[in-house]
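Chain by chain, the residues:
There are 6 protein chains.
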Amino acid sequence: MLRKEHFNAAHRLHNPEWNAEDNARIFGKCNNPNFHGHNYDLIVRLSGEVDPKTGYVFDMKILSDLIKENVLDRFDHKNLNLDVEEFKELNPSAENIAIVIYDILREKISHDYDLKITLFETERNYVEYPI
Amino acid sequence: MLRKEHFNAAHRLHNPEWNAEDNARIFGKCNNPNFHGHNYDLIVRLSGEVDPKTGYVFDMKILSDLIKENVLDRFDHKNLNLDVEEFKELNPSAENIAIVIYDILREKISHDYDLKITLFETERNYVEYPI
Amino acid sequence: MLRKEHFNAAHRLHNPEWNAEDNARIFGKCNNPNFHGHNYDLIVRLSGEVDPKTGYVFDMKILSDLIKENVLDRFDHKNLNLDVEEFKELNPSAENIAIVIYDILREKISHDYDLKITLFETERNYVEYPI
Amino acid sequence: MLRKEHFNAAHRLHNPEWNAEDNARIFGKCNNPNFHGHNYDLIVRLSGEVDPKTGYVFDMKILSDLIKENVLDRFDHKNLNLDVEEFKELNPSAENIAIVIYDILREKISHDYDLKITLFETERNYVEYPI
Amino acid sequence: MLRKEHFNAAHRLHNPEWNAEDNARIFGKCNNPNFHGHNYDLIVRLSGEVDPKTGYVFDMKILSDLIKENVLDRFDHKNLNLDVEEFKELNPSAENIAIVIYDILREKISHDYDLKITLFETERNYVEYPI
Amino acid sequence: MLRKEHFNAAHRLHNPEWNAEDNARIFGKCNNPNFHGHNYDLIVRLSGEVDPKTGYVFDMKILSDLIKENVLDRFDHKNLNLDVEEFKELNPSAENIAIVIYDILREKISHDYDLKITLFETERNYVEYPI
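Residue numbers (the numbering used here), protein chains in the order written: chain A, 1 to 131; chain B, 1 to 131; chain C, 1 to 131; chain D, 1 to 131; chain E, 1 to 131; chain F, 1 to 131.
Only chain A is shown next, with the shape it has when bound in the complex:
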C-alpha cells in the first residue's frame, strides 16, 4: 500500500570540496547561496501480506503518523541544509533526500514489509529509492 504526504522546504545544492565556479557550473540555479525551495511530494510504499483480520497490509493511519513524526515534523517548513542534521554534510539532492527518508523509515517499520520511497521535487522531476 502507498501513502502520499507532502512537505515544503528550502535547500541548496553545493559540494564544499569544489570551488564556486565548479559548483555554479554543475548545480546551476540550484547552487544559489541564499537557497530556493520546493513543495516536496513524498510517496511511501509498503509491500507485504494482507492481514485477514483487517484486510490491511498496514494501517494507513499508523503509517501516516509514522511519516509525520519521523519525517514531516523534521523536514516541513525547514531549511534542509541548515535545519536537518542528516544534510549537514550531505548534499540535499532529491536522490539523497529519498535515501535519508528511506533510512529513517526503514528503522521504524518491520522487515516483514518491503519499503520504497518516491520523492517528487517538482511535478516533472522525481526519484525512487531503492531502484
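Treat each hint with caution, since some may be false.
[Said to hold, decoys possible] As a list, the in silico DSBU-like pairs of lysine-lysine whose alpha-carbon atoms are at most 30 Å apart:
1) D:Lys61 - A:Lys4
2) D:Lys4 - C:Lys61
3) E:Lys88 - B:Lys4
4) B:Lys4 - D:Lys29
5) D:Lys61 - E:Lys88
6) A:Lys29 - F:Lys53
7) C:Lys88 - C:Lys116
8) B:Lys53 - F:Lys88
9) F:Lys108 - E:Lys116
10) D:Lys29 - A:Lys108
11) D:Lys61 - F:Lys53
12) A:Lys4 - C:Lys4
13) F:Lys61 - A:Lys88
14) C:Lys61 - D:Lys116
15) D:Lys29 - C:Lys53
16) E:Lys29 - F:Lys53
17) E:Lys53 - B:Lys61
18) E:Lys4 - C:Lys29
19) D:Lys4 - E:Lys4
20) F:Lys61 - A:Lys4
21) C:Lys29 - B:Lys88
22) A:Lys68 - C:Lys68
[Stated by the list, open to error] A partial selection of chain E residues facing chain C, derived with a Cβ cut-off under 8 Å:
23) Met1
24) Arg3
25) Lys4
26) Asn15
27) Lys29
28) Lys53
29) Gly55
30) Tyr56
31) Ile62
[Claimed, not checked] Which bits of chain F does chain E cover? Going by a derived footprint, with three or more residues having C-beta under 8 Å, they are:
32) 8-19
33) 71-79
No wet-lab data here; the hints were simulated from the structure.
We put the beta carbon where it would ideally sit given N, CA and C, even for glycine.
With chain A's structure known, arrange chains B, C, D, E and F on it following the hints.
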C-alpha cells in the same frame, strides 16, 4: 499498457468477529455503521508482447469494455458491503477490493498477459496487487 | 484567498414526495437505496483586503481550522442523509451540499469578506455557490 | 486566455516591527529564520477581444516570454526575501507575491486587456488578484 | 454547475490571406501543414437557480449527453480544419474553438441558464468564453 | 530518477496491409484518414548509482536537454505518420511510440543506467516500455 477507470461507492470497514469497541478502535471513522464513500480510481495494467499487426499490446477499447462490464457495472454507485456479492463476508478494504478486481479480471484475460491492479481510495491512499 | 479541503461521504439522492419509479428515472444510479459515496473536494474562497501587517487576506491556518471544525468533522466519513442534520429533509445533491457549507461558514466569517464555495463531487462534476 | 507557469523559491514570513514571539505566533512555521520553500504555480489571465486575423486574444508564446523575462528569471530558484528587490521590505506572502507579479505585468501589457493573477503556494493554498 | 469533458483532435493554425512566411512567423510550430494535435479538456459551466425538487441546477447526465451529441461526437478524433464544418473558414485557435462550442450549446440550453466555456488546449494554455 | 516531458502531435492508426473495412473495425475512430491528435506526456526513468560528488543519479538538466534534442524537437507539433521518419512504415500506436523513444534514448545514454519509458496518450490510456 495501462487503463485508468473510475467508480463511486459506499463502504464500511468492519470485522464481525470483533466487538463494537475493537472495531471502532481498529477501523476508526471507517467503521461508521451508516457507511461513508469514495471516488475510487482504478488502474489496470496488462503486460505482454506488442502485436506487430496493430502495434497494440491489447486493444484499449476492449480492455475498457471488459472493465466496464465486469467491474464498473457491478461496483459503481453501489454499496460495496450490501450490493456486491464478493464483500458479503469480506471486508472491503482497498487491499481486498484490489484483490477482488484482480480475480474478476484474471479470469477474463489470457494468461499471455501479466495483470496488475492499482486502486486509489483517495488521492493519498492507494494499493497495488499483486505486489 | 482559496483553501482546498477534502472529505469522504456516502449519500443517496431521493425525493420522498415522488414514487420509486420517478426517483429511479430522475436520479438514476444516484438513487441506490443502499447509498454510494464520493471523495468530495471543497474549495473555500474568501475575498477581501490584504492586511498590511501580515500580507494576508485571511490566515490560511485559521480558515483551515474553521472548515475542519464546522464542516469536515461533521461531514467526513459520514452518511450525509443519515448522519448530518441539515440533510434530514434536504436532498444531498452537490448543489445543496455547497449551499449548506456556505451557510455554515457564512455565520462564522466576518462580512468584510466575500465567500464562495466550489464543491467537486467527482473530478468531472462540480458546482459553485453563490454563482 | 490563461497561461500557467511555474517557479521554485525560498521565502520567510516576518514583520520586522514585531518581536520574535509575535512573529512566531502569527506566522508559525512560515517564520523559520532559515527560510523554507515552495513550487509556486502561477496562472496569468488576459481578457480581451479575439483578433479576427489570428483567432488569438493574445499570443501565448509572447505572453509566456513576457512572464519568463519579467517574473520567472527574477523569482525562480531565488530567495524571495534576500534576492528579489520588491520583497526587501514587503512580506512575501502569497497575496503580496501575486500583487507584485500583477504590478510587474500590468506595466508590460496593453490596457486593452484585463489582467488577473492566480498564485498557488501549494496545491491547497492559493490566491487571486485582483479579486 | 460545471461538467468536464474531453476530446482529442488534430488542427493547424493558418490564415489563408497571409503568405507562408507570415503564417510561419505568426503561428510558429502550430502552422505545420501536416497538422498536430491535442487532448482538449472542455469545461461547460451552467449557472441558474437550484430546482427544489431535485436539488439540481441542471441534470449532469443530461448536460453530459448534450455535450456528447453536439460537441464530442463531432470533434473527437477529428481533424478540426478538415472534418468540422465550422472551421472550414475559421482558424481553429483555442479561442475560436471555445466560441464555436459556446454557440453550439447556447442554442440547445434554455436562456434561464448562463453558459460559460473553458477550453484547455494543454495543461498550461487555456481560454474562457465569454470573458 | 524520472523526468516528465510533453509533446503535442497528430497521428493516425492504420495497417496498409488491411482493407479500409478492417482498418475501421480494428482501429475505430483512431483510423480517421485526416488524423487526430494528442498531448502526449512522456516519463523517462533512469536507474543507476548515486554519484557521491553530486548526489545525482543523472543530471536532470542534461536528461531534459537530451530528451528535447532527440525526441521533442522531432515529435512536438508534428504529424507522426507524415513528419517522423520512424513512423513512415510503423503504426504510431502508443506502444510503438514508446519503443521508438526508448530506442532513440538508449543509444544516447550509458548502459550504466537502466532506462524505462512511460507514455501517456491520454490521462486514462498509457503504456510502459520495457515491461
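Now the hints, each set against the structure:
1. D:Lys61 - A:Lys4: 35 Å, violated
2. D:Lys4 - C:Lys61: 26 Å, holds
3. E:Lys88 - B:Lys4: 35 Å, violated
4. B:Lys4 - D:Lys29: 38 Å, violated
5. D:Lys61 - E:Lys88: 25 Å, holds
6. A:Lys29 - F:Lys53: 17 Å, holds
7. C:Lys88 - C:Lys116: Holds, because 24 Å separates the two Cα atoms, which is no more than 30 Å.
8. B:Lys53 - F:Lys88: 15 Å, holds
9. F:Lys108 - E:Lys116: The given pair, whose Cα atoms are some 48 Å apart, is violated under the 30 Å limit.
10. D:Lys29 - A:Lys108: Roughly 26 Å between the alpha carbons, so the hint for lysine 29 of chain D and lysine 108 of chain A holds.
11. D:Lys61 - F:Lys53: It is violated: about 38 Å lies between the C-alpha atoms, which goes past 30 Å.
12. A:Lys4 - C:Lys4: 17 Å, holds
13. F:Lys61 - A:Lys88: Holds: lysine 61 of chain F and lysine 88 of chain A sit about 25 Å apart, inside 30 Å.
14. C:Lys61 - D:Lys116: 25 Å, holds
15. D:Lys29 - C:Lys53: OK: lysine 29 of chain D and lysine 53 of chain C at ~17 Å, within 30 Å.
16. E:Lys29 - F:Lys53: 40 Å, violated
17. E:Lys53 - B:Lys61: 38 Å, violated
18. E:Lys4 - C:Lys29: 19 Å, holds
19. D:Lys4 - E:Lys4: Cα-Cα ~19 Å, so holds.
20. F:Lys61 - A:Lys4: 26 Å, holds
21. C:Lys29 - B:Lys88: Distance of about 21 Å is within 30 Å: holds.
22. A:Lys68 - C:Lys68: 19 Å, holds
23. Met1: OK, holds: methionine 1 of chain E within 8 Å of chain C, min 5 Å.
24. Arg3: 6 Å, holds
25. Lys4: At about 4 Å, which falls below the 8 Å cut-off, the nearest Cβ of chain C leaves the hint on lysine 4 of chain E intact, so it holds.
26. Asn15: At 35 Å from the nearest chain C Cβ, asparagine 15 of chain E fails the 8 Å test, so the hint is violated.
27. Lys29: Violated, because the Cβ-Cβ distance from lysine 29 of chain E to chain C comes to roughly 30 Å (cut-off 8 Å).
28. Lys53: Interface hint status for lysine 53 of chain E: holds (6 Å vs cutoff 8 Å).
29. Gly55: 3 Å, holds
30. Tyr56: At about 6 Å, which falls below the 8 Å cut-off, the nearest Cβ of chain C leaves the hint on tyrosine 56 of chain E intact, so it holds.
31. Ile62: 10 Å, violated
32. 8-19: holds (count 4)
33. 71-79: It holds, with 4 qualifying residues against the three required.
When held up to the earlier numbered hints, the structure conflicts with 1, 3, 4, 9, 11, 16, 17, 26, 27 and 31 and fits the remainder.
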